[in-house]
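Engineer: Take these sequences, add in the hints, and give me the full structure.
There are 2 protein chains.
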Amino acid sequence: MPAFQRHVFVCHNARAEGAPRPSCTRDGKSDLHTEMQQRVKAAGLSGRVRINKSGCLDQCEHGPVVVVYPDAVWYGNVKPEDAAEIVAEHLIAGRPVERLRVADECMNSKSCPHQG
Amino acid sequence: MPAFQRHVFVCHNARAEGAPRPSCTRDGKSDLHTEMQQRVKAAGLSGRVRINKSGCLDQCEHGPVVVVYPDAVWYGNVKPEDAAEIVAEHLIAGRPVERLRVADECMNSKSCPHQG
Chain A
1 MPAFQRHVFV CHNARAEGAP RPSCTRDGKS DLHTEMQQRV KAAGLSGRVR INKSGCLDQC
61 EHGPVVVVYP DAVWYGNVKP EDAAEIVAEH LIAGRPVERL RVADECMNSK SCPHQG
Chain B
117 MPAFQRHVFV CHNARAEGAP RPSCTRDGKS DLHTEMQQRV KAAGLSGRVR INKSGCLDQC
177 EHGPVVVVYP DAVWYGNVKP EDAAEIVAEH LIAGRPVERL RVADECMNSK SCPHQG
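Taken in order, these protein sequences are the chains called A and B.
1 is the number of the first residue of the first sequence in the numbering used here; add one for each residue after it.
117 is the number of the first residue of the second sequence in the numbering used here; add one for each residue after it.
Treat each hint with caution, since some may be false.
Label-pair ranges, simulated between beta-carbon atoms [claimed, not checked]: (1) K41(A) <-> G160(B): 34 to 44 Å; (2) E221(B) <-> A19(A): 21 to 31 Å; (3) G134(B) <-> A103(A): 40 to 50 Å.
Hints are computed from structural coordinates only; laboratory data are not their basis.
In this text, a Cβ means the ideal position worked out from N, Cα and C, and glycines have one as well.
Structural biologist: Okay, here's the thing in structure tokens:
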């Protein structure tokens, strides 16, 4: 039995200014994380869905990045205003949000023409 | 296609002294993480297996805690000297290390008679 139905990792990584790869947050704080956490709680999913802080997920060029396990669905360029859709569609209804997914060919790659 | 064959999250959470729940690390640094990372690299698994830092995984009483996705296998009370076995057995050979698993009845519970 897994501890959580879904375990969501939100990248909080903040690099020093001038670092060669971009950062998912400016200062280790994430409104996206807070927003998702509050919506999961409001939906009564606490204890079944966990919104977790994570260190660098190594997809920096497509950040801010979120990965949902055990589905292994990756979202890129995620904004706080996308939280409602991810929670309602993916975490409640079980339908990944296609428009936010990092394309397969972008994973582990520094370029990604599909991301804004 | 998932980005990683296996994605391992090592709790790095450090609470203030006197906090009601225990911490997985004393100062946000984890020799366990470093040890696993080095062994994954030495095994030539970089890019396929990622050893990730994470915030609190909410299983504090069984920490230091590690979770391996997409398997959703949870390990508790993990020491740096356990890294070699987790990497060789689980991440290379695909056999979870039973002696380190958090028992199902301990997940999301503050007590766990099976853990040392």
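Engineer: Which earlier hints can't be squared with this structure?
Structural biologist: 2
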